Amino acid sequence: MAETLDLSVFVKRQDDGTAHLDLAIEGIDCAACIDEIEGGLCRLPGVVDARLNYTNHRLAVEWRDGQVSPAKVIEELQRLGYRAHPFQSRLVEEEEARRAQWLLKCLAVAGFASMNIMLLAVSVWSGNVTDITPETRDFFHWLAALIALPSVAYAGQPFFQSAMGALRNGRTNMDVPIVIGILLALTMSVVETINSAEHTYFDSVVMLLFFLLCGRFIDQAMRRKTRAVASNLASLKAEVAHRIEENGELALVPTAAIKAGDRILVRPGERIAIDGTVLSGASEVDESLVTGETTHRAVDAGAQVYAGSLNYNGTLTLNVTAAGKGTLLDEVERLLESAATAKSRYVQLADRVARGYAPVVHTAAALTAIAWIASGASVHGAIITAIAVLIITCPCALALAVPVVQVVASGALFRANVFLNSGDALERLAEVDTVVFDKTGTLTLPTMSVVNAGEIAPDLLEAAARLALSSHHPLAAAVADKARDRRPYDGAVEEPGQGVRTIMDGIEMRLGSPAFCGAEEMARDAVKGDPTSSAIAFAWGERRAVLLVRQALRPDAVAVVRNLRESGFDCRILSGDRAEAVAPIAQALGIEMWRGGCKPAHKIAMLDALKAEGRKVLMVGDGLNDAPALAAAHVSLSPISAADLTQAQADAVFLGDRLEPVRETIAIARRAHRLMRQNLGIALVYNLFAVPLAFFGYVTPLVAALAMSGSSTIVTLNALRARGRAPAKEAEAAQGAPAVQGA
Amino acid sequence: MEVLIYLVPIALMLGLTGLAAFMWSIKNGQYDDVQGAAVRVLSDDDLRK
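Protein chains in written order, with the working numbering: chain A, 1205 to 1947; chain B, 655 to 703.
Rather than coming from a laboratory, the hints here were simulated on the basis of the structure.
Fair warning: this is a prediction, and the values are worked out from it, not measured in the lab.
Even glycine gets a Cβ: it sits at the ideal position worked out from N, Cα and C.
Do not take every clue at face value.
[Said to hold, decoys possible] Which residues of chain A face chain B? A partial, calculated answer using Cβ under 8 angstroms: (1) Ala-1235; (2) Leu-1256; (3) Asn-1257; (4) Tyr-1258; (5) Gln-1305; (6) Leu-1308; (7) Lys-1309; (8) Ala-1312.
Given only the sequences and the hints, what does the whole structure look like? Please build it.
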């Protein structure tokens, strides 16, 4: 590629005369890469610093402005064997990083406090049964209070904020009983310290906080990890476009640098990178990634085209419009809005439990106080016992039960090349009983491929494929994929709109339209058997071959769909493509319920009808036209090749050419959901034993500490089972899928 | 047992020092690249000329 990419939009100029560029790097696999990249770049004159983050595969380069061009840096990396892509960190990710750091600080404070208070508390416990003097005990209690009060005020913030947020909206969540328990226990302990009593609960409070923060932190870390990989992937597939500058020259720029009002040039065979209206030129565009429709649409001046469409045979000049200005996009956005509001009504399992749990616990505490007062105990004693009930039922295990499973399960999904977008998706995935697929790009591969390669003589196929390397036509790219020898033939000439030809050893070779190769009859016969495919003819001297090209099914689609059906899922297809194109796919997969020619609104209507029947629908789709349906479905999945807007709506995104992740995702989600329910069960059984003990006043701080840490440990250990029992099978499934880059 | 009056505060101060050191290390970005730190220890060119 002779053109160099203009990266100036990604370069940050700093006050001290240096420039800074962040890059996402592909191909890092070992520790030696660090030295190779950093050393190699630092040898470039003018480069001040290069620092590779091995954890998330990002490189920060700084150089003295004007001495090196960013393109030179990327070129040098290419020479070293790494592909680099300019990377713009997204606001969400920076926000998450700040939150993670804050949680870590809270965790550190809680850890410090719980260790030191436990030191004092154990001394008091052992002193109480031996010979501690009341003065020493008071001293220890005051010290514990001194540590606990500021620590809780600092480390408890995540819970206070979340509980306040819930209460302000008139809801309760798991954090409300936690905060009530923490505050009551602290108050009571301070009062007891003033009264120089034997028992305080400072140790229980900070230990509880420490455990809960551990859960929050690992939950956050897991989500941050998947988000980092996802945004690396986003920058890897970031596209470029040819911008027509003021002076009429062409510049190759990343799409991020293109603004509304710019003019861009799209050549035949290129993917349109940005929405716009056609200023001049005429062509056909393949909008299968946008609408699912596989027949091409003819466009000329004034027509609207969408990002993601493939330009076929003519050169187009586009006027870039601001995003969201097309008729299709308008409809999609409008539908999205209504669908998204419907979805936010889903209540997470943990919050559902919390809703029932909090009132029961608080009633139990109130009953305890009343019962003790009624039986003649002092008001002070009764209140102490009631608060002990609240402390012991403070839902530590309950609050850990769900997030720990979520963390372990999203780790398992990560290994299966699936990235979760939303935390509660696991619960919704587990309830699924109907799977609705989009066709184009979901059941089929997003790129074209030769479907009858097996019926063609190997030497003919190889020659055709090598010749195809010289063509820019999108259909030729599918043929070129078959080439084992990646060197194009010398002297190949492309005849626009017809094909390519060359002369090898005195014999002419032609690849292109059947008329161009004199194989019209053969092509007609071939297409008759497979009307949805396009025919490319190949002529080599007297020999002729016809290659059928279309979007093939994902390699394991048939097996996965059969497997899903056998497991009792109702599989359906809703496609934006013509019914004639959907029928053979549905037949091949054995799916009886299918519909073609669906507009976004149709898809939503169909999903609503399924919902009305009481079904929980998993929607799997990739096109822009699927975005509203993905938002409207109970839960949704997208392949990584999906349009950006669509990916943002999906609850999870999967990588690779295979459909297996869909089945695996459901399996992992079901296992995780089972474990979540088990964990909640364990937490409730624990309370069943703990509450009566507390009711009768047997809960000393020692018992509380043991009970709370015991139940949290059991819940956490149980959650580890979500990793899955068949690692061998998982490893096998991972083969063939692309390696996950960076973490 | 009067010794506790200053021993316990000393123990606490030590703990606080540890906490402060940890806070500094977070702020200093020592946890930004955990995997990188683990492998960088093996490379011996830390004295860059």
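Against the structure, the hints:
1. Annotation: Ala-1235/A was flagged as interfacial toward chain B, and the flag holds, the nearest CB pair being 4 angstroms apart, inside 8 angstroms.
2. Because the closest C-beta pair between Leu-1256/A and chain B is about 7 angstroms apart, less than 8 angstroms, the hint holds.
3. Using the Cβ-Cβ criterion of 8 angstroms, the hint placing Asn-1257/A at the interface with chain B is satisfied: the shortest such distance is roughly 4 angstroms.
4. For Tyr-1258/A, the shortest C-beta to C-beta distance to chain B is roughly 3 angstroms, which falls under 8 angstroms, so the interface hint holds.
5. Interface restraint check: Gln-1305/A against chain B, minimum CB-CB distance 6 angstroms, threshold 8 angstroms, status holds.
6. Interface restraint check for Leu-1308/A: the shortest CB-CB distance to chain B comes to about 6 angstroms, inside 8 angstroms, so the restraint holds.
7. For Lys-1309/A, the interface hint holds, since its Cβ comes within 8 angstroms of a Cβ in chain B; the closest pair sits about 6 angstroms apart.
8. Restraint check, Ala-1312/A versus chain B: the minimum CB separation of about 5 angstroms is within 8 angstroms; hint holds.
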